[in-house]
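K.L.:
As a plain string of letters, each chain reads:
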Amino acid sequence: MTRWPHTLLAFVLLSAWAGAQNGAPALTAEDKVRLFRDNSALIESLVNDGVALSAAETPVKRAEHSRSAARAIVNAIAQAATAENADRVVELAGLFRTVARDAVVPALDDARRVVSPESPDGKKLRELREQAARDVSDVRAAAPPTGKLGTNARVKDALNALDEISDALK
Amino acid sequence: MNCDAVQNLILALPDPRELTPELREHTRGCAACAGFARRAAKLETVLAALPVPAAPEGKKADLLDDLTRPDPMMLPMPAARRSGGNGVAERAARFLRRNAGAAAGLAAAALIAVGGLWFATRPPKPIPDELAKVQKHPLLDKVVARDVQLARAASPTQKLEALGGMAEELAGEARGMARLAPGAELRQMAGWYEKVVRDGLVPQSAKLPPHVPAAEKAALLQTIATKLDADAAAADKLSGEAPQDAQPALKRIADAARDGGQKLRAAARGGN
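Residue numbers (our numbering), protein chains in the order written: chain L, 375 to 544; chain G, 7 to 278.
Worth flagging that the hints you see were computed from the coordinates, not collected in a lab. It is possible that part of the hints are untrue.
With a straight-line cut-off of 16 Å between C-alpha atoms, the simulated EDC-like cross-links for lysine to aspartate or glutamate are [said to hold, decoys possible]:
id	chain 1	residue 1	chain 2	residue 2
1	L	Lys-435	L	Asp-495
2	L	Lys-406	G	Glu-191
3	G	Lys-233	G	Asp-265
4	G	Lys-233	G	Glu-200
5	G	Lys-201	G	Asp-261
6	G	Lys-142	L	Asp-461
7	G	Lys-257	G	Glu-200
8	G	Lys-142	L	Glu-404
9	G	Lys-148	L	Asp-476
10	G	Lys-142	L	Asp-405
11	L	Lys-406	G	Asp-147
12	G	Lys-201	L	Glu-418
13	G	Lys-233	G	Glu-175
14	G	Lys-213	L	Glu-431
15	G	Lys-257	G	Glu-222
16	G	Lys-148	L	Glu-418
17	G	Lys-142	L	Asp-495
Just so we're clear, the structure is a prediction, and the values are computed from it rather than from any experiment.
Input sequences plus hints: build the corresponding full structure.
P.N.:
Written as structure tokens, this is what we have:
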């Protein structure tokens, strides 16, 4: 007796599911060109940092170039914040978090294990750690909690996700 | 139990509002299935609340009579009535009652056909501005990932692999943009590609440590050189078809790839 209601229910659910399959919209030619223009300066910096990272022979150099890549993203976040583009701030904050968490922090930690704190490299390393911590502060400052961006829920979430970076850099 | 199985079992329940302990256990830890179960339960509730016309008076008694009537179960076809609209309606109703399954199937097929027709002919849904703004730039994500890979690379071999990947992605992006972007932007991309090959891949190929066996070095460098050859061939081919202002950038990419490939092969032969 319940076969037909169940079949109907399955059909309705399947239809609802099929209707919900909107997927990510494919990028149009205009989108591609616009995205390229928006990001070309940042990509150029990141390509240069990537090549410099490949040439880095010491942990301090690796930390320096990793931090440089992170800084390039911070600068792009500041521009996006000035333009009050919350979505771009969120996207870039995510990329900053990736670079800081997976490149800067491990590079600084690796370097600290092999560099004497009193050496010139040790001093350089302390400076880099401070600069990296300042980068995180700069990202937060780009979207102050009382401003239009700072009250955006997604921006708030993206900035809250940076807490782990601040903790790791202490 | 995977999510497909769980969702099928939810659909098979007599009442999806009452999940079995196993299904409840799964939905507790799976947001997708929990949402599915919620929707199924809601649908059940909504269906139950649909207004149903009241049965004609005496319908229950007729039904019980039908069910308890002695044999034969197969009734002879009644003689057709020649007059009166009621006769046709009754026959139709009787036909529908006897062929409820076929009628429901036919109705479902008609519904699917109408739905399909609507789906095929509906106007494209415009992309909302909010959605358009959050489009991610795939190349930016890839370059960030390569930078992280390079920061974590512990050996020249790993650096070569990361740089090779970055070069390949830049060449691919340039090819994708060759018909879209103005020449200046393609030249910028060609510059990035040249830098990765000239200042990244080629110097790293000379830094492979002596303890890496010569055959292993040769295989690695040969693999990357082959990819550079492919980049060169693809850029050459495309430059014949791309707009004129894109051609110099594609040629630069092809030249850089060929030059890099030759140097990597030389390093492979030299066993650096």
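K.L.:
So, for every hint listed, does it hold in this structure?
P.N.:
So, going through the hints one by one against the coordinates:
no.	hint	in the structure
1	L:Lys-435 <-> L:Asp-495	holds (10 Å)
2	L:Lys-406 <-> G:Glu-191	holds (12 Å)
3	G:Lys-233 <-> G:Asp-265	holds (12 Å)
4	G:Lys-233 <-> G:Glu-200	holds (15 Å)
5	G:Lys-201 <-> G:Asp-261	holds (12 Å)
6	G:Lys-142 <-> L:Asp-461	holds (10 Å)
7	G:Lys-257 <-> G:Glu-200	holds (11 Å)
8	G:Lys-142 <-> L:Glu-404	holds (14 Å)
9	G:Lys-148 <-> L:Asp-476	holds (14 Å)
10	G:Lys-142 <-> L:Asp-405	holds (10 Å)
11	L:Lys-406 <-> G:Asp-147	holds (14 Å)
12	G:Lys-201 <-> L:Glu-418	holds (10 Å)
13	G:Lys-233 <-> G:Glu-175	holds (11 Å)
14	G:Lys-213 <-> L:Glu-431	holds (11 Å)
15	G:Lys-257 <-> G:Glu-222	violated (32 Å)
16	G:Lys-148 <-> L:Glu-418	holds (13 Å)
17	G:Lys-142 <-> L:Asp-495	violated (38 Å)
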